[in-house]
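J.: Listed here are the chains, written in short residue letters.
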Amino acid sequence: MSGLRVLVGCKRVIDYAVKIRVRPDSLGVVTDGVKHSMIPFDENAIEEAVRMKQKKIVKEIVVASCGPAQSQETIRTALAMGADRGIHVEVPAGTDANLQPLAVAKIFSKLVEKEKPDLVILGKQAIDDDANQTTQLLAGMLDWPQGTMASVVAAKDGNLTITREIDGGLEDISVSLPAVISADLRLNEPRYATLPNIMKAKKKKIEKLDPEKLGVDITPRLKILNVVDPPVRQAGDKVPDVTTLMEKLAEKGHL
Amino acid sequence: MTSPGNLRRSVIQLYKELQYMGREYPAGADFFQTRCKAAFLKNRHETDPEKIQMLIDRGRFVQKEIEALYSLRKYRAMKQRYYDQDEMDLHSKKIENFVKQL
Chain U
1 MSGLRVLVGC KRVIDYAVKI RVRPDSLGVV TDGVKHSMIP FDENAIEEAV
51 RMKQKKIVKE IVVASCGPAQ SQETIRTALA MGADRGIHVE VPAGTDANLQ
101 PLAVAKIFSK LVEKEKPDLV ILGKQAIDDD ANQTTQLLAG MLDWPQGTMA
151 SVVAAKDGNL TITREIDGGL EDISVSLPAV ISADLRLNEP RYATLPNIMK
201 AKKKKIEKLD PEKLGVDITP RLKILNVVDP PVRQAGDKVP DVTTLMEKLA
251 EKGHL
Chain S
256 MTSPGNLRRS VIQLYKELQY MGREYPAGAD FFQTRCKAAF LKNRHETDPE
306 KIQMLIDRGR FVQKEIEALY SLRKYRAMKQ RYYDQDEMDL HSKKIENFVK
356 QL
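Quick mapping for you: the protein sequence lines, in order, are chains U and S.
For the first sequence, the positions run 1 to 255 when our numbering is used.
For the second sequence, the positions run 256 to 357 when our numbering is used.
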């Protein structure tokens with residue numbers, strides 16, 4: 001089995017290490033001037049594609065991202081990690097917060113029509129909306145088998161054996177190609193995109209598209225009503241002895 | 256390879272790469288980048304090619320250490336946020352065994 005074409009998806013989000021602040025209008029979080037980077041699960045996705053290319057299972061890696069102009073930086077990081085070329089589906093800045101998994105899946109569905117990959121690898125879930133839906137929606141739209149939460153992927157004779165991380169354990173499945181996979185944290189250790197690789201990646205091509213050109217309606221179907229901070233953790237009480245502890249528990253109705 | 260021109264280029268390349276990496280440093284980009292500059296300046300009068308190469312190698316080692324730091328930090332944060340600790344331990348064993356069979 002050799003010479004597969006892989007389409008990998010990535011998304012630019014607020015960096016995982018940044019402290020999130022809710023916007024004053026409670027309809028979202030503050031993004032202006034905040035550090036952004038690629039979702040860690042997307043890094044796992046790209047790393048897996050690059051490793052499959054090193055093993056000669058994959059011939060070409062196309063990386064795609066839907067988002068504002070700055071998403072190009074994210075695509076460049078993916079190219080620096082080893083992807084061959086990029087596709088940037090641009091949405092106007094400000095509206096990207098409303099770009100929901102259904103719209104993204106539709107866009108990727110069109111990209112699959114265009115690029116004809118044998119395998120699509122996405123990150124398991126975005127760390128901003130935590131939806132974990134795009135892979136599943138896309139697989140449904142394409143009528144392709146899916147291997148979500150993949151923590152081990154092995155290729156053999158036109159099939160993939162995937163170990164999935166699920167509640168309460170691991171599940172092994174076999175899917176035939178073409179298929180859609182979502183990368184989990186333990187799939188691999190993503191390489192760091194060093195400066196020399198970023199420089200070399202500037203020579204690689206990034207194609208610019210937009211949802212209109214692809215004929216996709218990205219109107220949001222869900223409306224965000226309210227965004228609030230989680231409740232502040234109450235300080236605990238220290239008690240001097242067991243008797244007091246029992247009294248306090250009885251007081252609070254826990255006995 | 257150890258001609259002064261090459262060494263100079265290597266040092267400058269190393270400096271650029273470290274400064275680039277320093278942007279994400281947990282204690283702050285400023286913290287890292289000022290100390291990095293100071294470390295390079297401290298050795299700027301070195302002329303022995305062997306010593307310079309040794310310092311470059313040390314710098315490359317530091318670069319690898321920082322890569323490992325970033326990688327581990329990210330992994331730990333994701334693990335803590337998205338995974339139950341007991342399940343993780345269970346998965347560790349199973350994944351190890353599965354990979355051994357491949």
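Some clues are possibly wrong.
Calculated cross-link-like contacts (lysine-lysine; reagent style DSS-like; alpha-carbon spacing at most 30 Å) [claimed, not checked]:
hint	chain 1	residue 1	chain 2	residue 2
1	U	Lys55	S	Lys334
2	U	Lys116	U	Lys208
3	U	Lys156	S	Lys319
4	U	Lys205	U	Lys59
5	U	Lys59	S	Lys355
6	U	Lys223	U	Lys238
Everything labelled a hint here was simulated from the structure, so no lab data went into it.
Since we're looking at a predicted model, the values are computed, not measured.
J.: Broken hints, numbered, in rising order?
T.: Checked against the structure, the hints that fail are numbers 3, 6, while the rest are satisfied.
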